[in-house]
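Asks: The residues making up each chain are set out below.
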Amino acid sequence: MNFQVKNILGAMVLIGLNTNALADELPDRQQALPSVQKQAEHLYLQSAALADIPAGEFGDKVRLGYQLFVNTQQLRDKHVGNELNCVNCHLNAGNKANASPLWGAYFAYPAYRKKNDKVNSFEERLQGCFTYSMNGKAPESGSKELVALSAYSYWLGMSGLMLQHNVAGPVPELSDSELVKGAKRDDFILPEAISSKMDQNALAQLPGRGYPAVPKAEQAYSPERGAKVYQAHCQSCHGDDGQGQMIAGIAALPPLWGPQSYNWGAGMHRVGTAADFIYENMPLGKSVQLTPQQAWDVSSYINSQERPQDPRFKGQVTDTQKQYHQHDGYYGKTISGQVLGSDSSANFPKK
Amino acid sequence: MNKTIIAATFVSSVLSIQVSASVPDVSPKELQQTVPAAAQICVSCHGAQGQGLEGAGPKLAGLSSAYMAAQVKLFQSGNRQNPLMQPMAMMLQGDNIKIAADYFASQPVVEVGLHYRGDKVVIENPAEKLAYQGDWSRDLPACFSCHGPSAVGAELFPRLAGQQASYLKIQLEAWQKGTRKGDADNMMANVANKLTAVEIDQLAQYFASLK
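Residue numbers (this note's numbering), protein chains in the order written: chain Z, 1 to 351; chain C, 1001 to 1211.
One chain only, chain Z, in its complex shape (with noise of 0.2 Å):
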């Protein structure tokens, strides 16, 4: 059944695309990959100390992608539009394995995405996640921006295998046309010592990518009973309205919800993701605290609130609903009665 279901969403959403293919679209690349199940036996990657970066202007895009990463909101207002930071999902600075670790994803793209039916490089996913997760406006293919993100992601990763195989010596440097690509590609150079134990899929489905799916809960996933989990466990730290802890004027704990938040069409306004997330991240540094009933609820709860506009809206929520939200999401669902996307805040707000 369930299956089923799920294929006629497939395919609805594929006919959605193929009318709009002409269209300039903005395309969806917020879609999660499949997730690595979590195995006890895991052995996550390590990548070298920050302090190994090298001197030089490869180190130096590599530096700069890690301060980027960690405080975003030097982008505030040219490519961000909300209070976040790519480290508020990113856990220890993009270097957490099942908290969608940078060096993970690194090595899954170029991939093909059915969501807009394309291989998406590692800048175009980048760059999603500046049109929707920070409620931006992404920078430019090849930007400084793009090229230091690339850098550090594939500097983690890089380092990660090369002391996971023993291979010596410093990270090999790439142009910045080949960063912006990742790694899932058949001219990427990879050493021989590496190479010769993982291929291109291994490297793909490191263990520790994306967030592990919690399990099922036994009972649908309900907001009510998430608000009273969010009160327990949540409120202290992101605030009771959602709107996180500012602290010298900067979101120390993020906002959840609101103008501040990530918009409609980012991933993590997706019920599986945003419990797959909590379920295994949070509260922070504790993991797996909460049940996975908990997780489905407090995220339903979540991510039934108002926030910034879908960037895909054209001006009616049902046409959105239709062509974008056929998942796991409140967008167009009525909730107290209010069509959520109905009173959604701009895309792309200035401070």
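In short, the hints are calculated from the structure, not lab data.
If you're wondering where the values come from, they're calculated on a predicted model, not measured in any experiment.
Ideal Cβ positions, reconstructed from N, Cα and C, are used throughout, including at glycine.
Misleading hints may appear alongside valid ones.
[Claimed, not checked] Derived pair list, reagent style DSS-like, types lysine-lysine, alpha-carbon separation capped at 25 Å:
no.	chain 1	residue 1	chain 2	residue 2
1	Z	Lys350	Z	Lys78
2	C	Lys1194	C	Lys1177
3	Z	Lys78	Z	Lys137
4	C	Lys1181	Z	Lys228
5	Z	Lys314	Z	Lys118
6	C	Lys1169	C	Lys1073
7	Z	Lys144	Z	Lys184
8	Z	Lys286	Z	Lys38
9	C	Lys1129	Z	Lys286
10	C	Lys1073	Z	Lys228
11	Z	Lys286	C	Lys1194
12	C	Lys1120	Z	Lys78
13	Z	Lys286	C	Lys1169
14	Z	Lys144	C	Lys1120
[Stated by the list, open to error] Heads up, incomplete: computed chain C residues facing chain Z, CB under 8 Å, no partners named:
no.	residue
15	Trp1136
16	Ser1145
17	Pro1149
18	Gly1153
19	Leu1156
20	Ala1184
21	Val1191
Following the hints, put chain C in place on chain Z, whose structure we already have.
Replies: Chain C alone, transformed into the frame defined by chain Z:
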């Protein structure tokens, strides 16, 4: 019972030192005019401006009213244990909690230069590294995550910048021992329990040095 008497004796002796030593330009009479009555009992250990008195009471200036009111209640309920402060907290009841907390929250605090995550990529000082990057090999989040830039704090996340090193050390140890609790999901004890004694010393010194 005995403890209460000892505490009260200690407090009154500190009181006499405090007024003459720390606030030389203000006579006790003038002091009473500026400090609200509800906050008078705090002054002997925490100072008339909440500037603190090393060994007796931590700095209160720079903490939010909500945080201080919550702490008074945690002392009253026994979630925070301290032979000196618990009986003092019991003497503060009702509206007086907020009046005293508001007063100390409004006191001036030395401004610190704000440093954000990512300002430095490579951090040599081990305490500063923990503060800004944490140590995720132990699932230890950065202090920055909750205490903010330069650990200036806000609302229920206390300011650590410029606090007394001795107090910070005692608090981290109290979280470890369970003589301080009462936050949501035991979050701070979870952090403190992962710290070594050396790290606690380093962190206490580091935050105290942020002035």
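Asks: What hints, given by number in increasing order, does this structure fail?
Replies: Violated: none.
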